[in-house]
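Student: Here are the chains, one letter per residue:
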Amino acid sequence: AQTIHQWPVAEIKAVGSPLSLGCTIKGKSSPNLYWYWQATGGTLQQLFYSITVGQVESVVQLNLSASRPKDDQFILSTEKLLLSHSGFYLCAWSLQGAGERLFFGHGTKLSVL
Amino acid sequence: AQKVTQTQTSISVMEKTTVTMDCVYETQDSSYFLFWYKQTASGEIVFLIRQDSYKKENATVGHYSLNFQKPKSSIGLIITATQIEDSAVYFCAMREGNTNTGKLTFGDGTVLTVKP
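First to last, the protein sequences are chains A and B.
By the count of the working numbering, the first sequence reaches residue 113 at its end, each step adding exactly one.
By the count of the working numbering, the second sequence reaches residue 229 at its end, each step adding exactly one.
Excised from the complex, chain B in its bound form:
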């Protein structure tokens, strides 16, 4: 069974600094996909970035990047030059397999507070 664990309940950083959020996962599949989503105070959930298990290169989108350490089953999210509006809850998620499966498992989330 797949499992996603985010050990950091909350993080507080100063604006314009870099923050890393941790996520470890468990899976029996050799092929899987890892995602990060952001939930704002209004409840809106938006997709941020994705890592495919077969890719060695870390994904990067804007000021979001990933630290994919496959031997450690770890997929950290790095946000550089943080802004006040980055304050939100960040969820790591995983889906197994390369077929059209519907199960997507989320971690418990990390609350990020960016202070001016």
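This is chain A alone, in the form it adopts within the complex:
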């Protein structure tokens, strides 16, 4: 069975500090990977997606970057956090194909103070 693990579960960070969020998918090779951001009570805003190792496409520029160093790993990061980065970050995976459903991780709650 496939599993998706996100870390950390929650973070409290200072403005201007760096950030690194991670996501690992086990049990599925060559998945599509996604990062989404959700403000409190808001919609799911797609940030990045990746269809293969080393290849990441940006959907929305929020002073964040993403990388896929391994087939099963997706990293979201920034060198300097802004207050506007606060929210809920969700990693997801899907099989390759436009009609495939997304499987979401449990998310990371980020508070930037």
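Honestly, the hints are just simulated from the structure, not real lab data.
Note that the coordinates shown come from a computational prediction; the quantities given were computed from them, not determined experimentally.
A virtual CB, placed ideally from N, CA and C, is assigned to each residue, including glycine.
There could be a bad hint or two in this list.
Restraint ranges, calculated between C-beta atoms of paired labels, are given here [stated by the list, open to error]: (1) A/G42 - B/T226: 14 to 20 Å; (2) A/G16 - B/A154: 31 to 37 Å; (3) B/A154 - A/S17: 27 to 33 Å; (4) B/S144 - A/T3: 17 to 23 Å; (5) A/Q61 - B/I197: 16 to 22 Å.
DSS-like mimics (lysine-lysine), calculated; alpha carbons at most 27 Å apart, straight line [as the list claims (entries may be wrong)]: (6) B/K216 - A/K70; (7) B/K216 - A/K109; (8) B/K216 - A/K26.
Covered stretches of chain B, going by a simulated chain A footprint (3 or more residues, C-beta under 8 Å) [as the list claims (entries may be wrong)]: (9) 126-137; (10) 185-196.
With the hints as your guide, set chain B onto chain A.
Tutor: Below, chain B alone, put in the same frame as chain A:
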């Protein structure tokens, strides 16, 4: 550019009744996929049901069904015999094309409250 609009911010219904949530979409593609997801109070997001644009039949899964009106670019979610645990935020989403594209656009969500 693709766009998904959910006009109902929140809906409240009594348990065991039927509820319909609206969703309209915009796309230039002739081929696309429409999805509904549910987000529980814990933040967990789960897939509910999917409609392929080329299929005329409305999709049905358990007590979830869709009302797909292609000429109106509308994909409503119908939940029959609602239960307390159906209380959640429901998101409509769309992906264009029949290739391996990664862009999936979500609507703003509809908060459903099911009362006993």
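Student: Decide, hint by hint, whether the structure agrees.
Tutor: A quick look at each hint next to the structure:
{"no.": "1", "hint": "A/G42 - B/T226: 14 to 20 Å", "result": "18 Å, holds"}
{"no.": "2", "hint": "A/G16 - B/A154: 31 to 37 Å", "result": "32 Å, holds"}
{"no.": "3", "hint": "B/A154 - A/S17: 27 to 33 Å", "result": "30 Å, holds"}
{"no.": "4", "hint": "B/S144 - A/T3: 17 to 23 Å", "result": "31 Å, violated"}
{"no.": "5", "hint": "A/Q61 - B/I197: 16 to 22 Å", "result": "41 Å, violated"}
{"no.": "6", "hint": "B/K216 - A/K70", "result": "21 Å, holds"}
{"no.": "7", "hint": "B/K216 - A/K109", "result": "23 Å, holds"}
{"no.": "8", "hint": "B/K216 - A/K26", "result": "22 Å, holds"}
{"no.": "9", "hint": "126-137", "result": "violated (count 0)"}
{"no.": "10", "hint": "185-196", "result": "violated (count 0)"}
Violated hints, listed in ascending order, are 4, 5, 9, 10; each of the other numbered hints is respected by the structure.
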